[in-house]
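In order, the protein sequence lines correspond to chains A and B.
Quick note: the first sequence uses the numbering used here, first residue 1, plus one each step.
Quick note: the second sequence uses the numbering used here, first residue 248, plus one each step.
Rather than coming from a laboratory, the hints here were simulated on the basis of the structure.
For each residue, glycine too, the CB sits at the ideal point set by N, CA and C.
Some clues are possibly wrong.
[To be verified] The following label-pair restraints were derived from C-beta to C-beta distances:
(1) A:A77 x B:A629: 56 to 64 Å
(2) A:G60 x B:Q543: 45 to 53 Å
(3) B:F420 x A:G129: 43 to 51 Å
(4) B:Q543 x A:P131: 31 to 39 Å
(5) B:S608 x A:G139: 48 to 56 Å
(6) B:Q543 x A:E185: 47 to 55 Å
(7) A:G139 x B:V407: 51 to 59 Å
(8) B:T358 x A:K116: 38 to 46 Å
(9) A:G139 x B:L645: 52 to 60 Å
(10) B:F425 x A:H71: 30 to 38 Å
(11) B:V520 x A:M67: 50 to 58 Å
(12) B:I484 x A:G60: 30 to 38 Å
(13) A:G139 x B:F425: 40 to 48 Å
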Amino acid sequence: MSDPIIICRDVEKWFDDFPALKGIDMEVNKGEVIVIFGPSGSGKSTFIRTINRIEVHQRGQIIVDGMELTHDVRNIATIRSEIGMVFQLFNLFPHLSVLQNITLAPMWVRKWSKAKAEEVAQQLLERVGIPEQAEKFPGQLSGGQQQRVAIARALAMQPKIMLFDEPTSALDPEMIKEVLDVMIELAQSGMTMIVVTHEMGFARAVADRMFFFDEGLVVESGTPDDIFNNPKEDRTKLFLSQILTHD
Amino acid sequence: MTDAGNTQPASANIQPPSPPKLIVWLRRNLFNSWLNSALTLLAVGSIYFIGRAVLEWAFFTADWRPVTDNPILYLIGQYPRDQIWRVGASLLLVSFLTGMSWGKWQGVMRTFAMLLGAGLAVLGIIPAGGQMGSLAVRLFFLINVPVIFLGFLLGSRKFVTGRWVLGGWLFSFLVIPFLLRGTGAGTVLPIVETSLWGGLLVTLILAVGGILLSFPLGVLLALGRRSSLPVIKIFCIMFIEGIRGVPLITILFMSSIILALFLPPELRIDRLVRALIGMTIFSAAYTAENVRGGLQAVPAGQIEAAKAVGLNKFQTTLLVVLPQALRAVIPAIVGQFISLFKDTTLAIIVAINELLNIGKSILQSDVEYLQLQFEVYVFIAAVFWVLSYLMSFASRRLETALGIGER
Numbered sequence: 001m002s003d004p005i006i007i008c009r010d011v012e013k014w015f016d017d018f019p020a021l022k023g024i025d026m027e028v029n030k031g032e033v034i035v036i037f038g039p040s041g042s043g044k045s046t047f048i049r050t051i052n053r054i055e056v057h058q059r060g061q062i063i064v065d066g067m068e069l070t071h072d073v074r075n076i077a078t079i080r081s082e083i084g085m086v087f088q089l090f091n092l093f094p095h096l097s098v099l100q101n102i103t104l105a106p107m108w109v110r111k112w113s114k115a116k117a118e119e120v121a122q123q124l125l126e127r128v129g130i131p132e133q134a135e136k137f138p139g140q141l142s143g144g145q146q147q148r149v150a151i152a153r154a155l156a157m158q159p160k161i162m163l164f165d166e167p168t169s170a171l172d173p174e175m176i177k178e179v180l181d182v183m184i185e186l187a188q189s190g191m192t193m194i195v196v197t198h199e200m201g202f203a204r205a206v207a208d209r210m211f212f213f214d215e216g217l218v219v220e221s222g223t224p225d226d227i228f229n230n231p232k233e234d235r236t237k238l239f240l241s242q243i244l245t246h247d
Numbered sequence: 248m249t250d251a252g253n254t255q256p257a258s259a260n261i262q263p264p265s266p267p268k269l270i271v272w273l274r275r276n277l278f279n280s281w282l283n284s285a286l287t288l289l290a291v292g293s294i295y296f297i298g299r300a301v302l303e304w305a306f307f308t309a310d311w312r313p314v315t316d317n318p319i320l321y322l323i324g325q326y327p328r329d330q331i332w333r334v335g336a337s338l339l340l341v342s343f344l345t346g347m348s349w350g351k352w353q354g355v356m357r358t359f360a361m362l363l364g365a366g367l368a369v370l371g372i373i374p375a376g377g378q379m380g381s382l383a384v385r386l387f388f389l390i391n392v393p394v395i396f397l398g399f400l401l402g403s404r405k406f407v408t409g410r411w412v413l414g415g416w417l418f419s420f421l422v423i424p425f426l427l428r429g430t431g432a433g434t435v436l437p438i439v440e441t442s443l444w445g446g447l448l449v450t451l452i453l454a455v456g457g458i459l460l461s462f463p464l465g466v467l468l469a470l471g472r473r474s475s476l477p478v479i480k481i482f483c484i485m486f487i488e489g490i491r492g493v494p495l496i497t498i499l500f501m502s503s504i505i506l507a508l509f510l511p512p513e514l515r516i517d518r519l520v521r522a523l524i525g526m527t528i529f530s531a532a533y534t535a536e537n538v539r540g541g542l543q544a545v546p547a548g549q550i551e552a553a554k555a556v557g558l559n560k561f562q563t564t565l566l567v568v569l570p571q572a573l574r575a576v577i578p579a580i581v582g583q584f585i586s587l588f589k590d591t592t593l594a595i596i597v598a599i600n601e602l603l604n605i606g607k608s609i610l611q612s613d614v615e616y617l618q619l620q621f622e623v624y625v626f627i628a629a630v631f632w633v634l635s636y637l638m639s640f641a642s643r644r645l646e647t648a649l650g651i652g653e654r
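Just chain A, same shape as in the assembly:
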């Protein structure tokens, strides 16, 4: 635990009187790949959304790259531009072309010139394997292609951390692999990643640590080896047996 880039201490989050997060502790080191899994409603999506303050936590502390998340607008802006996020439903901007989707934030937030933003965007499209789709609109692409554009859009801001919120859950089976390949390549390049997913193959391949969430708490955490081969908690065992039986 030498170089934590994300520190969460006792993070609590309530939706009205429903406790979504009941005190989460997590430290993520630079370059680490974290996989979060757990049943639906366990707070895993809510948790990663508090890290770039799309959800606001009510108690506890979240410190990203040495900066604490508070109501200070400048802090939030800085932190958001250092964290890329990929959503389950892609959330591409449908009125903009693929290229415009990627260049929008670099041009308006980083104040890059159009030429520079487009050059970077084209390189990123190359990296996610769809350089020929630059002029198309999101509605003209397959789900897998859209999700790869969404990854490119997040990477365009040159973030230090990438958050993935169930990035393959809305995809047809044959498209899951093309997205996971991009994510694996990203993990191997040294990016700090927090991934909410049930793709256990992905977890086995690249995760450094795994966290099992249930009812707003971290039930168990450990290396993939610990979790898969030697789970300690009954709930973890039960959940793993449910999602792994069909593998």
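Since the structure of chain A is already known, use the hints to place chain B on it.
Only chain B this time, still in chain A's reference frame:
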């Protein structure tokens, strides 16, 4: 299974079915049962008799003198005839910019430029009485055609960007009121009081002015209504609901008469401007509600994605939310603008000489015209119909053009 289509092997050269021959189409669609045949005959018969009656009336019975004797009254009202070139110059400016927009953007602007050119050419040629028949006025109309084309040539040049054309339009909207009203006695542009303006000129000023001013105001009100700042939110809700709860006539009365009672005499606002303000705030309240509908249709995920890439609130609204919201409500907003355009006739009650009021004045100007109300109102209705239809046509074209990639 004796159907001829099924005997071919499915793999052989699949082609879309060719359109049926006319006679087959008729039998299938219009005469496929005795009831349908009877309805078809009934409809054809009605169209024939009604159509013949209308055409007979329009070409033989109707007396179009109140329209044809002095048609320029319908266009500009009592605008001083020795200053008429100022209206002409404004029209030329609009023609030129329409031509430039055609050259720059093609599409619907092309249709508009052509219709404008054709319409003005017709006005320049048709037989007409009064000043409309004079050579000078005819030339003024006809010269618009080459001017549109000149604008087209300039607009299709590469170095002319869309910004230039938009700037040109903005410039014209700022300059035309000065050109028409004048800068002062003794200058090249002596003052022409707005009480002398009239006809289609005033109708278009109220409609175009109302649309251009109410649209941004409506968008701001809609955004304000969703603001997290309570003062702004409450103000916008009160404004919108206050205006929507009152008939337009009342608002026109208020802005025209009651407002003047409260303001000191040196702050007299021009009557036409007061009517324009009334129309604008009325239309803005309705536009705001339309836009709000569009804002609610933008999924929360879009705003989250915009936040996640680091855009601030203002950028999120301007670049992500509004473009999607406005696109979703184009039909509703154009409908609102068409009704605003027709509502300009209500300005009659605050003594604005818009098109309908001019029609009434003309009817009263000559004993011979008194029996010819029907002709005048049919003519005015036709003018409104043509312009309203053009707006709804443009809206449909705009929807198709903006629909790219939205599926």
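Outcome of the hint check:
no., hint, result
1, A:A77 x B:A629: 56 to 64 Å, "holds (57 Å)"
2, A:G60 x B:Q543: 45 to 53 Å, "violated (33 Å)"
3, B:F420 x A:G129: 43 to 51 Å, "holds (49 Å)"
4, B:Q543 x A:P131: 31 to 39 Å, "holds (37 Å)"
5, B:S608 x A:G139: 48 to 56 Å, "holds (54 Å)"
6, B:Q543 x A:E185: 47 to 55 Å, "violated (39 Å)"
7, A:G139 x B:V407: 51 to 59 Å, "violated (32 Å)"
8, B:T358 x A:K116: 38 to 46 Å, "holds (39 Å)"
9, A:G139 x B:L645: 52 to 60 Å, "violated (18 Å)"
10, B:F425 x A:H71: 30 to 38 Å, "violated (49 Å)"
11, B:V520 x A:M67: 50 to 58 Å, "holds (53 Å)"
12, B:I484 x A:G60: 30 to 38 Å, "holds (37 Å)"
13, A:G139 x B:F425: 40 to 48 Å, "holds (46 Å)"
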